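Student: Each chain is listed here by its residues.
4 protein chains.
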Amino acid sequence: MISFESDYTEGAHEKILDALLRTNRESQPGYGSDSYSESAKEKIRRACGTPEAEIHFLVGGTQTNAVVIDTMLQPYEGVVAAKTGHISTHEAGAIEFTGHKVLELDGVHGKIVPERLNDFLEAFHQDGNREHMVYPGMVYISHPTEYGTLYSLEELKQLSDICHSYNIPLYLDGARLGYGLMSSETDVALQDVASCCDVFYIGGTKVGALCGEAVVFPGGNGPMHFMTMVKQHGALLAKGRLTGVQFDTLFTDDLYFKISRHAIEMAGLLKEVLQKAGCRFFMDSPTNQQFIILEDEELERLSKEVRFSFWEKYDDKHTVVRLATSWATKEEDIYRLSELLSDNREK
Amino acid sequence: MISFESDYTEGAHEKILDALLRTNRESQPGYGSDSYSESAKEKIRRACGTPEAEIHFLVGGTQTNAVVIDTMLQPYEGVVAAKTGHISTHEAGAIEFTGHKVLELDGVHGKIVPERLNDFLEAFHQDGNREHMVYPGMVYISHPTEYGTLYSLEELKQLSDICHSYNIPLYLDGARLGYGLMSSETDVALQDVASCCDVFYIGGTKVGALCGEAVVFPGGNGPMHFMTMVKQHGALLAKGRLTGVQFDTLFTDDLYFKISRHAIEMAGLLKEVLQKAGCRFFMDSPTNQQFIILEDEELERLSKEVRFSFWEKYDDKHTVVRLATSWATKEEDIYRLSELLSDNREK
Amino acid sequence: MISFESDYTEGAHEKILDALLRTNRESQPGYGSDSYSESAKEKIRRACGTPEAEIHFLVGGTQTNAVVIDTMLQPYEGVVAAKTGHISTHEAGAIEFTGHKVLELDGVHGKIVPERLNDFLEAFHQDGNREHMVYPGMVYISHPTEYGTLYSLEELKQLSDICHSYNIPLYLDGARLGYGLMSSETDVALQDVASCCDVFYIGGTKVGALCGEAVVFPGGNGPMHFMTMVKQHGALLAKGRLTGVQFDTLFTDDLYFKISRHAIEMAGLLKEVLQKAGCRFFMDSPTNQQFIILEDEELERLSKEVRFSFWEKYDDKHTVVRLATSWATKEEDIYRLSELLSDNREK
Amino acid sequence: MISFESDYTEGAHEKILDALLRTNRESQPGYGSDSYSESAKEKIRRACGTPEAEIHFLVGGTQTNAVVIDTMLQPYEGVVAAKTGHISTHEAGAIEFTGHKVLELDGVHGKIVPERLNDFLEAFHQDGNREHMVYPGMVYISHPTEYGTLYSLEELKQLSDICHSYNIPLYLDGARLGYGLMSSETDVALQDVASCCDVFYIGGTKVGALCGEAVVFPGGNGPMHFMTMVKQHGALLAKGRLTGVQFDTLFTDDLYFKISRHAIEMAGLLKEVLQKAGCRFFMDSPTNQQFIILEDEELERLSKEVRFSFWEKYDDKHTVVRLATSWATKEEDIYRLSELLSDNREK
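Residue numbers (the numbering used here), protein chains in the order written: chain Z, 50 to 396; chain P, 50 to 396; chain W, 50 to 396; chain A, 50 to 396.
Derived from the structure by calculation, the hints contain no laboratory data.
Some hints here could point you the wrong way.
No copy labels: a pair is met if it fits in one copy or bridges any two.
For lysine-lysine, the following DSS-like pairs were computed, each having C-alpha atoms within a straight-line distance of at most 30 Å [stated by the list, open to error]: (1) 92 - 132; (2) 92 - 362; (3) 206 - 366; (4) 366 - 64; (5) 92 - 379; (6) 307 - 206; (7) 320 - 92; (8) 353 - 206; (9) 92 - 307; (10) 379 - 206; (11) 206 - 64; (12) 132 - 64; (13) 379 - 307; (14) 206 - 325; (15) 325 - 92; (16) 132 - 353; (17) 64 - 325; (18) 362 - 307; (19) 307 - 132.
It should be emphasised that the depicted structure is a prediction, and the values quoted were computed from it without experimental measurement.
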């Protein structure tokens, strides 16, 4: 059985496990005040080009979205997101659980279109009934999106300008940020993210860590008493060293970028193999997630030897599935898939 | 100045004020255990044809929606509503404030289309990721809708059947229920509402009361400890007699229906007058709210002598406005409007 | 049957009903923007001696506490209250429902002791673990308290100074404020309340209105977008005139104070009658609530002709009950109670 | 520098790191459906003697308390806890954040006294105003408590009986459960915990894991859709293997119990050393946390070479500090402390 099910099916990059082992018996204070968290923050500040950045480590993606959004919004505000955004669909209502509406915009291939965002905000502020409505208090984007697509630098800047003209923060969910930054089709670097966004997170769970996401407030603009609110959300790790050591390792010698590049190279190879096998692509994705349309019988046969994710029904006889590469993907597995696909076609 | 701004710009029907005056000095226990609340409940049970119904009086519409929805949903559930539904747009996020997502469906003229509801529920229950999603735990409709439109009895039954096949309650927001029931274009009676819905409310605020909405659980199926949760939501009136006396009056000698019919007759007259004046209708509404498209200059001129509600921009030069009649509308005001419209056109 | 059960068993003062009747057919805009609300606010500003005050009308006491406390606290903050405070015990957890802890202090006769408050705040700010704790973000007092007792002006000033030295607001729950201000044993006037507190409310429901509480931010210091948050809490009246007209009447010709004085005079008479009948007082109360200890058999006999409130078990054979007077109390009822008490004793 | 600051200052037991390393490159499905989580659950079921138990792994203690309590309570219910309980004081209001009140009881040495619990519940159910109050819907105890004390089996049974006579669950916070079970002064075994409690958790973070707590519903009585609610709370790990592998290791060959016993032995040695040095104990603790009263000057001198936790001020010149042993404590560090203490005394 080979697996392209997701980018979180393996453990952690070996260097991370080594570091956990090496530092294991040191006595370190809890709750994020350990020396590894400090060191990791310093390295991330440098990588972002924002020496003033305030950085916090949380455990997982949904948790991070809920904590960041809830603590940055006023009670009367909601967060604008694409209808297909992770917070809109696949977080079990974690944002609403904290009392805030997700204001859903129709997007294109998972992305918010700057012009539509502007129209939405303009319409809101011209609406005579706006005092009876949820104020748009933040814009949420994911990069890469849930469909693997990427914003161009120009788009990011436009979104940033629109947000700032309405005086609301732009928040970027970077659960797979590494895979976005290392795409061969992007003009967006980590420093660009840091300069366009008011807050974002650098995903660890899907990019080589056991767990962990690094929240970055590039301007040092985190909410007051953030740690207390993190605890209130049940999101404060006693052994903060666990995320500290991991991010310290990821941001040493560019490990985060190197392993992300590997996933992108594997995705390139995967794409080739899929194309060669005549697969129909559901959409074009420049990152580590690839979406293809399979005939249902073919899907069933393949499922016996390959794991991938069900995405959505395409029509009565076809299904969209997702294949993901990651820092851990082995070239040999892609070649094996290639064989299976040709066997499959022959049948 | 004449006003068609809304159906809550006047006080209360005189019979209600009389009743408040007449019963004023009686000593009555608080929190809804007064004899008038009891009597009102009994009369409403009779009018609904549901002798087992459990009934509670709350103060206003948004409050009622928040209390009913929050207390009937499980924490992991959200409520399905039309995108234009009151809870989706104009309740300042009161539903999300209680921790629940409003799952928005595209509607038609403010109504949920049964087939689309069915597709939505079916897709949810077939989705392999549904454990990471908000469960649809209730369906919310308004009748009349926010656009004054009405469900047919056939549609209500379909919605009811769909809900019950998925084992979730159907909830009807009847803020303007009287105006819906007395429309000349409806085949839905109060008893039909009671037999199709698992919970609904009979609006008082917009139909002749100073305040108050009557929540009806036709099958006696209210949540346990409902009163405690009403208090927890800050929605429990100390002097429950205030809503008790009002609903007791509204449901004596069919007052609720008679004053609703008056509004509908006035809406008929208003429609005629608007048509005669050559006004363009934004949509056809069979109830007390009428929507027309005015040229912006005309709108400005008229605004000096008539109050109505801004609805939305139609295009660069036109605006949709709403004119509402109510139990309190005077025939003479409609004739005055007729004059103003012809004056206006002549200019 | 005569009733001393509570101060909300009758309707409203007749002048209020008159005013509702007189203004009934005027067309007035909704949501608190009617002219009566404006006029009432102006009169309250004058009575408080705070021309800059921001004032809002809400419907009931628990609602008001929840809205004020939730909108003024930061998410990481809780509200300090006496263990016997209304928000601590008898609001069904409405404060916690909004996400905030009630930090309970042992009080004396329902009051917070300034020195203990200071110790509590000092200890919190010296606690090395305070980042893992709920920040005290507001102090809540009731005046009169739930036991009918009153703060002296000196005590109010001390509490105010302590709060301000810790930079947190002092909030006074004035559900029965009129009865406190008109007590013969107080040196606290309405202007003192306004100058010592950062926010307070003037209770209507228990002092002659059908419903309604006036929230006063003496320094014009209400939270931004307060109206939107009121709506979010389900607390916004469509017909704001209902509370507007009532408070406009209560603050015309000192009606609020005059009817409160009546209740206090009746309480004085009641106290005399109870003393003469040899009743044992549970505690000394200078306002409209009187607490006596009845032998259980006596209680049972009296209950057949008098309504009062169970307060708590005193011991195996005795019970504490509360008798309340109000704006509506009739002298003859007190004389009737006197007769019943002497009959009772003779048996 | 030697450290007795807490039981979470080191990483993880080496066997856990070995297991993470050994299983690292296996492809495992996410969200707790990996084979290690399954295996760990089976081992825990066996250790508890409850083959039907439902088990879930969460990340940290406050998170676990919030998720368990919120998902098991009805909205109108609160949780009863000792005033000194972790949820009452040191979780930043995480329980109230989910909308529930913590009903605080005065305890003795951190423990709830069964008789007082019974009185509290009885009084609540006899209170005529209980519909306006928060219903006690669960009892929370910690074992060991925040003061290191333990319930006897007899006490546990009494608490269990009281809860069940009122039909509410008993919940045991076992953040340090291992240290309680291995105390030489306890008659409570893991099976007893499982038979007395309706839900409890076995703490990993403080007993040898990097992170992780195992929630046990001994009767298979977990709430429906628990996983969705865990996600809603932001508490669902993508790589569930992280907690799965750790608990699988801890419950292989009694590792959990063996490392807990080590901590208890070290605590015994520590106690001896402290007694020999003439230290005054704040209270007697039979587990891994020891509380002593230090003169402030002595405290300052010691602090230069030993880390411990500030607990509370004892009086003007003395402070209570806590010293904790753990699975990771080294005998040599205790001897070093012994030397420091005698040096200290000589000065």
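Student: Now, for every hint given, state plainly whether the structure supports it.
Tutor: Quick rundown of the hints versus the structure:
1. 92 - 132: neither (35 Å within a copy, 43 Å between copies)
2. 92 - 362: neither (44 Å within a copy, 39 Å between copies)
3. 206 - 366: neither (41 Å within a copy, 32 Å between copies)
4. 366 - 64: Classified as neither; 45 Å inside a copy, 49 Å across copies.
5. 92 - 379: within (29 Å within a copy, 33 Å between copies)
6. 307 - 206: For residue 307 and residue 206, only the intra-copy Cα distance (26 Å) is at most 30 Å; the inter-copy one is 57 Å.
7. 320 - 92: For residue 320 and residue 92, the Cα distance exceeds 30 Å both inside one copy (34 Å) and across copies (43 Å).
8. 353 - 206: neither (45 Å within a copy, 44 Å between copies)
9. 92 - 307: within (16 Å within a copy, 39 Å between copies)
10. 379 - 206: This pair counts as neither: shortest intra-copy Cα distance 36 Å, inter-copy 55 Å.
11. 206 - 64: neither (35 Å within a copy, 49 Å between copies)
12. 132 - 64: neither (38 Å within a copy, 45 Å between copies)
13. 379 - 307: Classified as within: same-chain Cα gap 15 Å, cross-chain 39 Å, threshold 30 Å.
14. 206 - 325: neither (37 Å within a copy, 52 Å between copies)
15. 325 - 92: neither (42 Å within a copy, 47 Å between copies)
16. 132 - 353: neither (33 Å within a copy, 42 Å between copies)
17. 64 - 325: neither (35 Å within a copy, 46 Å between copies)
18. 362 - 307: For residue 362 and residue 307, the Cα distance exceeds 30 Å both inside one copy (35 Å) and across copies (52 Å).
19. 307 - 132: Neither: 32 Å inside a chain and 45 Å across chains, both beyond 30 Å.
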